[in-house]
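Single-letter residue listing:
There are 2 protein chains.
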Amino acid sequence: MRVFLIGMMGSGKSTIGRILSSVLDKEFIDMDLEIEKAKGTSISEIFEKEGEEEFRRLEKDLLKKLVHRDEIVVSTGGGIILDKENRQILKGENAVYLRLPPADLYRRVTVKGRPLLKEGKESIFRIWEERRELYEQFPSVETSSQSQWETVAAISMKIASGESRVLNSSSHPVSISPGGFKSIGRMPNAVVSRRVERIFSEWIPSSALSIDDGEEAKGFHTLFQVYEYLMDRGLSRSDVLVGAGGGTVTDLVGFASSTFKRGVPLIQYPTTLLAQVDASIGGKNGLNFKGCKNVVGNFYMPSETIIDPVVTLSMDEGRFEEGLVEAFKIFLITGQYYEKFKKLCGKLKERNLAALSEMLEEAVKQKDRIVSMDIRETGLRKVLNLGHTLGHLYEPLSRVSHGMAVAWGLEREMHYFAGLGVIDEQLYRDVSDTLSEIVGLDFPQLPVEEALRLLRNDKKAVDSESAEIEIPVVKRPGEFEFLKVRLDDLLAVVV
Amino acid sequence: MRVFLIGMMGSGKSTIGRILSSVLDKEFIDMDLEIEKAKGTSISEIFEKEGEEEFRRLEKDLLKKLVHRDEIVVSTGGGIILDKENRQILKGENAVYLRLPPADLYRRVTVKGRPLLKEGKESIFRIWEERRELYEQFPSVETSSQSQWETVAAISMKIASGESRVLNSSSHPVSISPGGFKSIGRMPNAVVSRRVERIFSEWIPSSALSIDDGEEAKGFHTLFQVYEYLMDRGLSRSDVLVGAGGGTVTDLVGFASSTFKRGVPLIQYPTTLLAQVDASIGGKNGLNFKGCKNVVGNFYMPSETIIDPVVTLSMDEGRFEEGLVEAFKIFLITGQYYEKFKKLCGKLKERNLAALSEMLEEAVKQKDRIVSMDIRETGLRKVLNLGHTLGHLYEPLSRVSHGMAVAWGLEREMHYFAGLGVIDEQLYRDVSDTLSEIVGLDFPQLPVEEALRLLRNDKKAVDSESAEIEIPVVKRPGEFEFLKVRLDDLLAVVV
Numbered sequence: 001m002r003v004f005l006i007g008m009m010g011s012g013k014s015t016i017g018r019i020l021s022s023v024l025d026k027e028f029i030d031m032d033l034e035i036e037k038a039k040g041t042s043i044s045e046i047f048e049k050e051g052e053e054e055f056r057r058l059e060k061d062l063l064k065k066l067v068h069r070d071e072i073v074v075s076t077g078g079g080i081i082l083d084k085e086n087r088q089i090l091k092g093e094n095a096v097y098l099r100l101p102p103a104d105l106y107r108r109v110t111v112k113g114r115p116l117l118k119e120g121k122e123s124i125f126r127i128w129e130e131r132r133e134l135y136e137q138f139p140s141v142e143t144s145s146q147s148q149w150e151t152v153a154a155i156s157m158k159i160a161s162g163e164s165r166v167l168n169s170s171s172h173p174v175s176i177s178p179g180g181f182k183s184i185g186r187m188p189n190a191v192v193s194r195r196v197e198r199i200f201s202e203w204i205p206s207s208a209l210s211i212d213d214g215e216e217a218k219g220f221h222t223l224f225q226v227y228e229y230l231m232d233r234g235l236s237r238s239d240v241l242v243g244a245g246g247g248t249v250t251d252l253v254g255f256a257s258s259t260f261k262r263g264v265p266l267i268q269y270p271t272t273l274l275a276q277v278d279a280s281i282g283g284k285n286g287l288n289f290k291g292c293k294n295v296v297g298n299f300y301m302p303s304e305t306i307i308d309p310v311v312t313l314s315m316d317e318g319r320f321e322e323g324l325v326e327a328f329k330i331f332l333i334t335g336q337y338y339e340k341f342k343k344l345c346g347k348l349k350e351r352n353l354a355a356l357s358e359m360l361e362e363a364v365k366q367k368d369r370i371v372s373m374d375i376r377e378t379g380l381r382k383v384l385n386l387g388h389t390l391g392h393l394y395e396p397l398s399r400v401s402h403g404m405a406v407a408w409g410l411e412r413e414m415h416y417f418a419g420l421g422v423i424d425e426q427l428y429r430d431v432s433d434t435l436s437e438i439v440g441l442d443f444p445q446l447p448v449e450e451a452l453r454l455l456r457n458d459k460k461a462v463d464s465e466s467a468e469i470e471i472p473v474v475k476r477p478g479e480f481e482f483l484k485v486r487l488d489d490l491l492a493v494v495v
Numbered sequence: 001m002r003v004f005l006i007g008m009m010g011s012g013k014s015t016i017g018r019i020l021s022s023v024l025d026k027e028f029i030d031m032d033l034e035i036e037k038a039k040g041t042s043i044s045e046i047f048e049k050e051g052e053e054e055f056r057r058l059e060k061d062l063l064k065k066l067v068h069r070d071e072i073v074v075s076t077g078g079g080i081i082l083d084k085e086n087r088q089i090l091k092g093e094n095a096v097y098l099r100l101p102p103a104d105l106y107r108r109v110t111v112k113g114r115p116l117l118k119e120g121k122e123s124i125f126r127i128w129e130e131r132r133e134l135y136e137q138f139p140s141v142e143t144s145s146q147s148q149w150e151t152v153a154a155i156s157m158k159i160a161s162g163e164s165r166v167l168n169s170s171s172h173p174v175s176i177s178p179g180g181f182k183s184i185g186r187m188p189n190a191v192v193s194r195r196v197e198r199i200f201s202e203w204i205p206s207s208a209l210s211i212d213d214g215e216e217a218k219g220f221h222t223l224f225q226v227y228e229y230l231m232d233r234g235l236s237r238s239d240v241l242v243g244a245g246g247g248t249v250t251d252l253v254g255f256a257s258s259t260f261k262r263g264v265p266l267i268q269y270p271t272t273l274l275a276q277v278d279a280s281i282g283g284k285n286g287l288n289f290k291g292c293k294n295v296v297g298n299f300y301m302p303s304e305t306i307i308d309p310v311v312t313l314s315m316d317e318g319r320f321e322e323g324l325v326e327a328f329k330i331f332l333i334t335g336q337y338y339e340k341f342k343k344l345c346g347k348l349k350e351r352n353l354a355a356l357s358e359m360l361e362e363a364v365k366q367k368d369r370i371v372s373m374d375i376r377e378t379g380l381r382k383v384l385n386l387g388h389t390l391g392h393l394y395e396p397l398s399r400v401s402h403g404m405a406v407a408w409g410l411e412r413e414m415h416y417f418a419g420l421g422v423i424d425e426q427l428y429r430d431v432s433d434t435l436s437e438i439v440g441l442d443f444p445q446l447p448v449e450e451a452l453r454l455l456r457n458d459k460k461a462v463d464s465e466s467a468e469i470e471i472p473v474v475k476r477p478g479e480f481e482f483l484k485v486r487l488d489d490l491l492a493v494v495v
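Chains as they are written, first to last, in UniProt numbering: chain A, 1 to 495; chain B, 1 to 495.
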């Protein structure tokens, strides 16, 4: 498969193309660079010395060669679509137009010496007007208000096949499906996060309700919006409700579907990596109430969960890595895929789609194994709290995301147990190195009094006056137990 | 077993005693009347001609005889507790003091010519002061702010054994237990209706939350009160939550327990007859939202449901009968206990406790059979909508209670189907006579346009423009089917 990026100069074809090629595991080809390399001279010089016509001939020749190659991502020259034959060729390919208003384009290109800009600012507007109609014959992605990752995700979604592998989860079918998100377009009753709606708007049904994602939204005020939406749409108990978003949206929609008219069928599209790994299995949902996180909620199984790794490509740096930490935790607990994860870590950080799909499939399978042994979370499932005891200190005191805090907490807990001799120094080093590669480990020292107070209030503390707390520890990958430790001792590793 | 009612003149011993005796299936004995009968003269004359001492002797003789009889409810003379020996005897019996402030007493007795009141208003206050301490040696029921039925219920609760029969319901244990309500006293986390709290205050734990009952309370504002109560009490997932009240309270508490911390164990004490018959089986709960009844809710099975017929004795006239209509509907659908119900109807109207217990046991068993065949209410269970199609017109248009409306609706639906020849004229007559005995059938003619509009909006209408509706009909007791009928035809029987 080949992907051709087209668009004006400055629309980001090269930058996006390079990221896209590592995401899609394809070779990246910049046509301008390729021509320069073949001719041993710069594009400007070809224009000056041999004229634009000669450049266009070289460009067409190269294009004709490229369509006989496979597994490439190509950044084309801005003028490639001027030629009718070129356009014909590109229409038979995965060609995506990176769309950007000319004012934005001008801002981007003025810093560089580009041949077509010699004529000054007006030229870019003139060229844009000339080429606009030709570009718009191609599928496009609007890039002006998007991050690079969002653009990469939007392009990848366009070309993703939507093929899916259905896992035999113990509770309900879970599909791992790159491009599977597009099927949301056929769903009339959908609640989606505003973020997902913005990036993937072309697949979001116009009847969908979009809501805020994030902790603030996760309460009854948003639930009531969802209920009102369902009432307005006259949703009956045989209609399906769809949720698409991060943990907040899937929790809200999960709760709404379980309680609207005493339960309507539900399809979940978790769209953050954390939600895909963490929330997609087990049917847990939750709402915050009066400042208490998840104090309201229940268990409700979706009819189907669709995990599309392409959606997660759009995530901000940091948020994406939270999901990797969660997955790593699962592999550490089960011991399965642990070594593989460590090897793939670099590729996963680059969001390589094949690695991501494989990793997600493994994480979901293993999360399911843990959860199915303890569906109502009375015992075993608590091992998923790994890293949470100290993580719960970093989260408020260092004001970092939950995922980051858990990563730091996990590193410190392992450090503590290695110091006690409960676990191998080498295992601790391994875990620490991997976490460092995923999120970095520049954690601060915590203020001792606040940390102690928080630790005392931890719900795992044997009693509120107790000097001990019971926490899970992985002794070897795949082998864990729960140990009682003294609060004071544990505290020493974070202050 | 014997019950002795003690208390000042005017405290209602005779009236309450008479009702109580029919409730408890015992002979009623009014000691004053008994003495008058034996002597062939009135108490006043005995006082005048033979003196109070002689009367007290006769009274003590009678008391000594009565404690050798069984199955009696006795209304004692007001002064019986003046004698030490009498008090000793009564302390070994079920003796209940009907307590009332002297001002209320005076108001009640001034209309009658009673011997001790010849001295005027002051005397009653003086007598009350003299006897107060003696009365207060006995268990008492405060009657001044209570209806007769509430007093009867409170007395019956005191003497009820709390023995229970556990039914093998398909989903969870249901106990039929006269006096079983008293066990709520051992439950630290309880939500009770204000009404029940007022009448049975001596058994309500001080830690309980009391909330309003009734449709107005059945929404998120009350749910939030319950959540806050549970958070204040630090309820954990291993603690039990208890609900005690009518359908509103059991629905609210059912929903709260199913959604607090993803589900806590629940014990339900439905306290209205309708809730005992209707809501106690099947785990349904519901909340109103934005004017839509029960649009939010789910299915959640209690660990146990305790059905105490004694609590229902306290119900207002009319409200009690709603429960009888619901039970009758169930017997009509299943055909079981249908004939027995018709025979017992008079006793049930009198709230005879034995009949009520037996009827409740049968209704619960049969409701369970219907529900267990269709737990998520997709088909069969809809037969419970019998009478609801036309009932839903009477409820808003005649502003009567749901139970009354369903009774009228059922009568009219049967009338309609008898007219069509779908059911036997005799079956219709039977049903009509029974409903007439339970609630009366003085239904008004409905305004044709409003009735048609409501009927068209019925969720059972095949589509909103449809001229047809599908409704359940019982062709013979125990034999039902669903029939499509024309809206216009059906309407003719109510306008």
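These are computed hints drawn from the structure, not numbers from a lab. Quantities reported herein were computed from a predicted structural model and do not represent experimental measurements. Be careful, since some hints might not be right.
[Unchecked claim] Result set (SDA-like, lysine to any residue): computed pairs, CA atoms no more than 25 angstroms apart in a straight line:
#1 Lys342(B) to Asp488(B)
#2 Lys261(A) to Lys342(B)
#3 Lys261(A) to Leu380(B)
#4 Lys293(A) to Val264(B)
Original post:
Out of the numbered hints, which ones does the structure contradict?
Top reply: Numbers 1, 2, in rising order.
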